[in-house]
Amino acid sequence: MRYLPLSADDRRSMLAKAGVADIEALFADIPEDKRLADLLPMPRAMSELAVERALGALAGKNVAAGSTPFFLGAGAYRHHVPATVDHLIQRSEFLTSYTPYQPEIAQGTLQVLFEFQTQVALLTGMEVANASMYDGSTACGEAMLMAHRLTRRRKAVLSGGLHPHYAEVSATLARFAGDEIDLAPLDPRAEETLIERIDDQTSCVIVQTPDVFGNLRDLTPIAEAAHARGALLIAVFTEAVSLGACRSPGEMGADIVVGEGQSIGNPLTFGGPYVGLFATRAKYVRQMPGRLAGETVDADGKRGFVLTLSTREQHIRREKATSNICTNSGLCALAFTIHLSLLGEAGLTRLARVNHAGAVDLAARLAKLPGVEILNRHFFNEFTIRTPKPAAALVEALTTRGIIAGCPVSRLAPGAGLDDLLIVASTEINTDEDRAAFAEALRAAL
Amino acid sequence: MNNQGRPTRPVETAAAEVKTFTGNRGLDIEEPLLFEIGRAETTGVDIDEPPAHPDRLGDHARRGAIGLVGLSEPETLRHYVRLSRKNYAIDSGLYPLGSCTMKHNPRLNEKMARLPGFSDAHPLQPVSTVQGALALIKQLSQALMTMTGMKAVAMSPKAGAHGELCGMMAIKAAISASGEAATRKVVLVPDSAHGTNPATAALIGMSVRAVPARADGTVSAQAVRAVLGPDVAAIMLTNPNTCGLFEPEIVEIAEAVHAAGAYFYCDGANFNAIMGKTRPGDLGVDAMHINLHKTFSTPHGGGGPGAGPVVLSERLAAFAPVPYVVEREGRLDLVEHAEGQELGRMTAFHGQMGMFVRALAFILSHGSDGLRQASEDAVLAANYVRAALRDLMSAPFGDRPCMHEALFDDTWLKDTGVTTLDFAKAMIDEGYHPMTMYFPLVVHGAMLIEPTESESKASLDLFIMTLRDLAMSAKRGEVERFAGAPRLAPRRRLDETRAARTPVLRWVKAGAASRE
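Protein sequence lines, in the order shown, are assigned to chains A and B.
Residue numbers 157 to 602, in the numbering used here, belong to the letters of the first sequence in order.
Residue numbers 222 to 737, in the numbering used here, belong to the letters of the second sequence in order.
Be aware that a few hints might be false.
Unchecked claim - Capping the alpha-carbon separation at 30 Å, the derived lysine-lysine pairs in BS3-like fashion look like this:
1) A:173 x B:696
2) A:458 x A:439
3) B:406 x B:372
4) A:311 x A:545
5) A:217 x B:406
6) B:635 x A:173
7) B:240 x A:458
8) B:406 x A:311
9) A:524 x A:545
10) A:217 x B:696
11) B:635 x B:696
12) A:439 x B:730
Claimed, not checked - Looking from chain B toward chain A, a few residues come up when the C-beta cut is under 7 Å (computed):
13) 354
14) 400
15) 429
16) 430
17) 524
18) 587
19) 608
20) 637
21) 649
Stated by the list, open to error - Stretch-level coverage of chain A by chain B, calculated; a stretch enters the list once three of its residues show a Cβ under 8 Å from a Cβ in chain B:
22) 206-215
23) 377-389
24) 476-486
Read the hints as simulated data drawn from the structure, not as lab findings.
Beta carbons: idealized from backbone N, C-alpha and C, even for Gly.
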């Protein structure tokens, strides 16, 4: 087996050194009647070529997003990632190192995390950010639990613009922790009045912008209302590129900002691995979950970086920890940081303008179709249309025409009575021809 | 090159320490922060300005600068390549971190994960366009169930601790379904457990009751029975345990736990020791997470991403979270909503697909024979290291064989003036990543060595020889070698106290307040 270096001779001499007659003696603690006599009922070892054939066949059964005009977002976005990013994250020293528990020989990872934290703090308009979470949805749930700890209250108010998966993840956590959730009905036109739901028991209000329907929301009045009742505002985003064009949540008064960082540096990969972004105000840092890299000096006085404030974490605090999180999303955070280093302020803001321009163009094309209505007043690169036929059926129809049209709201929230809504995204990957083809195909399917 | 007239032999000089003008030391380059070398107007990505268009941002448009900086493409490459060289990695050396399973990461797996059919598939594409992705999830699920002897698997958890949370939620859901939610609120956790175990129990509103370990680091059925009661929801046990031992009474423990109406959660972090040797399902386990980034070699990436599928027993199968893959009329479908189901959803979308591809590539490459051989080699390597160091270093539980990791304590360092930490840091100067230290907590000055199946005998012998040299040096009282270590790494020991007391968690432009 190509991955196993020991020869039969090696094994024999090592067994002798270990003082046992055969390998079974090393497994003697396993009750004899529970030891497997035969090999597992699975295929035997395969060559590299054979594995490539097997997995290549499976991959070939999928339609790759890049092979077709593609307008699907709703929490994960197809962007162009420069070749440099994937090359660098495959450097052995980044790819195959562990969590940087030995800082003397992990300064590469630690400095990257420090840069990542700085970038995330700047983007979100917050003072500090952690070294990443699993993804945006779990970051959202953890932010809610953090707000419970900070306010010593246990009721979260969730906006009807929050991605339904994010709301479900938060509801799952709340249910098991014995906390309360006040989930507003889905709000495709950003008309809800969340402020009325905030009371003296409210720990936090969770609002997404751009929301799952693509609406841009002004968080300032909600922040003010929440703060007036002693509650926190948690701002959520799923499209990080929007921060290149839109006001930051920090500027609008958010206390905790969480989001999905996949858009920058990371491929779609059918939903994961992605990278959760988590930022807050400096005064709350000791209640923040997840790992943190911090600056310090070494014995010679040289600047260096370490994991710090670990007294919040499970390996020190055990049942009193701020979270049970251990592994984060280091390599995806690295991809995020490298892509954002390449973009810089100039590149990100231009990329955001290109995205916005494409979406505005697509909305104008679709708005001309008979019976199609654009629901959004303000949006970034994603918006929602009302269609005269069920959106899921239209998506199926367009799929047969080789166009991935978007996300029917019924896919995210079946039974919500919003079957005629379709969430559509346009990014820099979409050409004018793609958008024209989409509009034409939708016209034909209506 | 023209060698004419140029000296071709090194001139002998005294080996004095050189202080360079740059602070660089040969290949080890001092690299500033991105923010110290980047510029606001620079970008390494060419993007055309979009044509003029109506604006739909309204008053949501950003008003001020973000504060980001950019680099050109060559500068970006150089910055991150230089940083990468300050990292130790499994590709560059033996990485004996106990309980972390730092094994070889095959590049085939990277290549497979990057096939466009996997890497460029959106999680919400119509299921008709992702039949291959669903088939892969199903195939990996089957493999994990076969290897563990369990009846179901929840694939979506994002890492080990997330899987642990999922498994414990499934247990709590089952308890709720049988109407015992109000009474069963205690989780039994041995002292030797990973910190995530008690943290997970606390997260779902359970309280933790400790189970004492025996002198040999294992848990006895008697000790478990003594703390079992009608208030107990579950036991969380790592097997093989964090001391590197297989729990010999695990079957009796499982029976006692089940007889008391509770569930058996097994922390599967150490599954690498028992692939093809025994199946957790046969031992009485009800739920166990599997760290794909440990046993199945998906790269650790400097701290993730991981993946933590949870295998479930028949009793818990009905309490798995959404989403999951089902087969309907010959085609695969996703169940993404389950009305009224207690557990609901753990994460957006369907889990760590990129890790699933890599893990399945690993499993297919090994096959049933290779998986068992991998576990046997991992256990053999640990025992080889244990036996080769036994005369110099003290093992807390005597001479008994271990599983895939060898545990030593610091009794042998007594009166040498050298601590476990010092010893570990001296390993860095010798070119090795240290072993896991001070864990498990139940062993004083613990040193937990997990060589994995990936090391050749020559590599193990060199490692053993190095540790023996260091051990003898410590015993000779050569404290200076250890107290000042490491001296040859990119950094010497870092001031963690200062980092925690006055946290500097991001770069701030000179002159601006930077402290918390």
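- Message: The hint names residue 649 of chain B as touching chain A; please verify it with the least Cβ-Cβ distance against 7 Å.
- Response: Result: holds, 6 Å to nearest chain A Cβ.
- Taking only the CA atoms, is the gap from residue 406 of chain B to residue 372 of chain B under or equal to 30 Å? holds (26 Å)
- Test coverage of the segment 206-215 of chain A by chain B using CB-CB distances below 8 Å; three residues minimum. holds (count 9)
- Message: Would the hint linking residue 240 of chain B and residue 458 of chain A be met if the CA-CA limit is 30 Å?
- Response: OK: residue 240 of chain B and residue 458 of chain A at ~14 Å, within 30 Å.
- Query: Against chain A, is residue 608 of chain B within 7 Å by beta-carbon distance?
  - Reply: holds (5 Å)
- Query: When you check the alpha-carbon spacing of residue 217 of chain A and residue 696 of chain B, does it fall within 30 Å?
  - Reply: violated (62 Å)
- Have a go at the residue 587 of chain B hint: is there a Cβ in chain A nearer than 7 Å to its own Cβ? holds (6 Å)
- Item | Restraint check for residue 458 of chain A with residue 439 of chain A, where alpha carbons must lie at most 30 Å apart | holds (28 Å)
- Query: Quick one, is the residue 400 of chain B hint okay against chain A at 7 Å, beta carbons?
  - Reply: Since chain A brings no Cβ nearer than about 17 Å to residue 400 of chain B, farther than 7 Å, the hint is violated.
- Establish whether the coverage given for the segment 476-486 of chain A by chain B is satisfied; the threshold is a Cβ-Cβ distance below 8 Å, and no fewer than three residues must meet it. It holds: at least three residues are needed, and the segment 476-486 of chain A offers 10 whose Cβ sits within less than 8 Å of chain B.
- Task: Below or equal to 30 Å on CA atoms is what counts here, so check residue 311 of chain A against residue 545 of chain A.
- Result: violated (38 Å)
- Hint validity - residue 430 of chain B Cβ closer than 7 Å to any chain A Cβ: At about 11 Å, which exceeds the 7 Å cut-off, the nearest Cβ of chain A leaves the hint on residue 430 of chain B violated.
Of the numbered hints stated above, those contradicted by the structure are hints 4, 5, 10, 14, 16, 20 and 23, listed in ascending order.
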